[in-house]
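**Q** Single-letter residue listing:
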Amino acid sequence: MHEMGLAMRIVEIALAETEKAKASRLCEVEVEVGEVAGVMREALEFCLPAAARGTLAEQALFTIIAVPGQGHCQACQRQVAISAFPAQCPKCGSFGVAITAGTELRLRSINVE
Amino acid sequence: MCDSCHCGEAAEATIAIPGQPHGHQHQTRKIVVEHELLAQNDHQGEANRQFFAEQKILALNLVSSPGSGKTSILERTLKTLGPEIATSVIEGDQQTMRDAERISAAGAPVVQVNTGAGCHLDAEMIRRALARLPPKPHSLLFIENVGNLVCPALFDLGEHAKVAIISVTEGEDKPQKYPHMFRAASLCLLNKIDLLPHLDFDLELCKTLARQVNPRLTFLELSAKSGEGFAAWLQWLRDTFNASHCH
Ligand SMILES: Nc1nc2c(ncn2[C@@H]2O[C@H](COP(=O)(O)OP(=O)(O)OP(=O)(O)O)[C@@H](O)[C@H]2O)c(=O)[nH]1
Ligand SMILES: [Mg+2]
Ligand SMILES: [Zn+2]
Ligand SMILES: [Zn+2]
Ligand SMILES: [Zn+2]
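Residue numbers (the numbering used here), protein chains in the order written: chain S, 1 to 113; chain E, 1001 to 1247.
In isolation and in its complexed conformation, chain S is listed as follows:
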């Protein structure tokens, strides 16, 4: 239940930023989630509204932006798409893949009014 803790943190940070901006309403929250960040997107989507309930973020729209996993295979020197951890090269089968994208877990922006 890593995702619930994460959702609570997202709501907390978004509300703090809203307050910092002296805005009266939080409308939207954009979160980037890498495909190999170890977070289940569906679980996070479910947890965010639950975490926002009873707060000023209750009406906000949560948008999750999936960042595809990418790596560089040190065995065959190719740029490859990866979708699981530990990353395995889909071309040559090697596990020696350095991940270059897909581990993002970032609150990108908020929309306030």
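FYI, nobody ran anything at the bench for these hints, they're computed from the structure.
Hints are supplied without guarantee of correctness; some may be wrong.
[Stated by the list, open to error] Part of the chain E face toward chain S, derived, beta carbon under 10 Å:
id: 1; residue: 1027
id: 2; residue: 1031
id: 3; residue: 1032
id: 4; residue: 1034
id: 5; residue: 1036
id: 6; residue: 1037
id: 7; residue: 1053
id: 8; residue: 1132
id: 9; residue: 1225
id: 10; residue: 1238
id: 11; residue: 1245
[What the hints assert, rightly or not] For lysine-lysine, the following DSSO-like pairs were computed, each having C-alpha atoms within a straight-line distance of at most 27 Å:
id: 12; chain 1: E; residue 1: 1030; chain 2: S; residue 2: 22
id: 13; chain 1: E; residue 1: 1056; chain 2: E; residue 2: 1079
id: 14; chain 1: E; residue 1: 1225; chain 2: S; residue 2: 91
id: 15; chain 1: E; residue 1: 1079; chain 2: E; residue 2: 1136
id: 16; chain 1: E; residue 1: 1030; chain 2: E; residue 2: 1056
id: 17; chain 1: S; residue 1: 20; chain 2: E; residue 2: 1079
id: 18; chain 1: E; residue 1: 1056; chain 2: S; residue 2: 91
id: 19; chain 1: E; residue 1: 1136; chain 2: E; residue 2: 1177
id: 20; chain 1: E; residue 1: 1079; chain 2: E; residue 2: 1225
id: 21; chain 1: E; residue 1: 1177; chain 2: E; residue 2: 1056
[What the hints assert, rightly or not] If you want the footprint, here are the derived chain S segments under chain E, 3+ residues with CB under 8 Å:
id: 22; region: 3 to 14
id: 23; region: 21 to 30
id: 24; region: 96 to 104
Using N, Cα and C, we set each Cβ at its ideal position, and we do this for glycine too.
Use these hints to put chain E with the ligands onto chain S, whose structure you have.
**A** Below, chain E with the ligands without anything else, positioned relative to chain S:
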């Protein structure tokens, strides 16, 4: 009051234009936040995990209360497994080189991390220890955490699995008192079973209580003193090592 946004507008009648369901415009502004949600430790933990995957190293994080027998289990494990699988150890203690000296005497490359006031190992300490060691590719790495069942559960070191150890001289209810740790663990070793005849420790009760916090937890009973139960533990290590493509 506008129901959909609580903006405070009186809404006795709703007059709306398609595309502007509120009947009034909202001036929204975008604020770029770019806040990284993973704690620093998780980032380094992920980096360690990537290193282990690249080097085909099976890393196991041994956690228990002080004195449950982590070092004793490692000493005996190294004797049998050492000649079969290249194995190294990172020892975590607040003070002293004692455990590292014991491991070194058992024949494995070892680095000692002294955490001083700290009560757990973190991913950055492991990164530095890995640079000092460094473990061979296709090898097994044991990380003996600081004797503490609380915060080591929260610090990902990048390990493949946590192995929790309880000795039968402790209470059967340890798993319920420290649920985070037993939830985070994959395997639970019940150590010091040579002492069972002298104690009232109820093995089955302990397992039942542990399964309540983690239904997927598996158990092995053993004694680092007599060697009883070690065959199954060594086999678990071989199987996990092979299944992780580290061979
Ligand atoms: N009877 C018996 N004693 C054991 C067994 N395993 C360990 N011990 C004893 O328990 C004590 C603590 O063992 P260690 O291996 O140092 O325990 P540890 O978990 O590494 O301790 P810390 O690193 O200080 O947290 C020592 O006196 C060991 O001899 C066992 O299976 N049976
Ligand atoms: Mg020890
Ligand atoms: Zn490849
Ligand atoms: Zn409105
Ligand atoms: Zn701690």
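**Q** Against this structure, judge whether each hint is valid.
**A** These are the hints, each one checked on the structure:
1. 1027: holds, 6 Å
2. 1031: Where the cut-off is 10 Å and the nearest Cβ of chain S is about 5 Å from residue 1031 of chain E, the hint holds.
3. 1032: holds, 5 Å
4. 1034: Holds, about 6 Å.
5. 1036: With a minimum Cβ separation of about 6 Å from chain S (threshold 10 Å), the hint on residue 1036 of chain E holds.
6. 1037: Holds. Min distance 4 Å.
7. 1053: OK, holds: residue 1053 of chain E within 10 Å of chain S, min 3 Å.
8. 1132: violated, 22 Å
9. 1225: violated, 36 Å
10. 1238: violated, 19 Å
11. 1245: Given a least distance of 6 Å, the restraint on residue 1245 of chain E holds.
12. E:1030 / S:22: Given that 27 Å is the threshold and the Cα spacing comes to 13 Å, the pair holds.
13. E:1056 / E:1079: holds, 22 Å
14. E:1225 / S:91: violated, 48 Å
15. E:1079 / E:1136: holds, 18 Å
16. E:1030 / E:1056: Judged against 27 Å, a Cα distance of about 44 Å means the pair is violated.
17. S:20 / E:1079: Outside the cut-off at roughly 60 Å; violated.
18. E:1056 / S:91: Roughly 18 Å separates the two Cα atoms, so the pair holds.
19. E:1136 / E:1177: violated, 38 Å
20. E:1079 / E:1225: The hint holds at about 13 Å.
21. E:1177 / E:1056: violated, 35 Å
22. 3 to 14: holds (count 5)
23. 21 to 30: Three-residue rule met by the region 21 to 30 of chain S, so holds; n is 5.
24. 96 to 104: It holds, with 5 qualifying residues against the three required.
Going through the hint list in order, the structure does not satisfy hints 8, 9, 10, 14, 16, 17, 19, 21.
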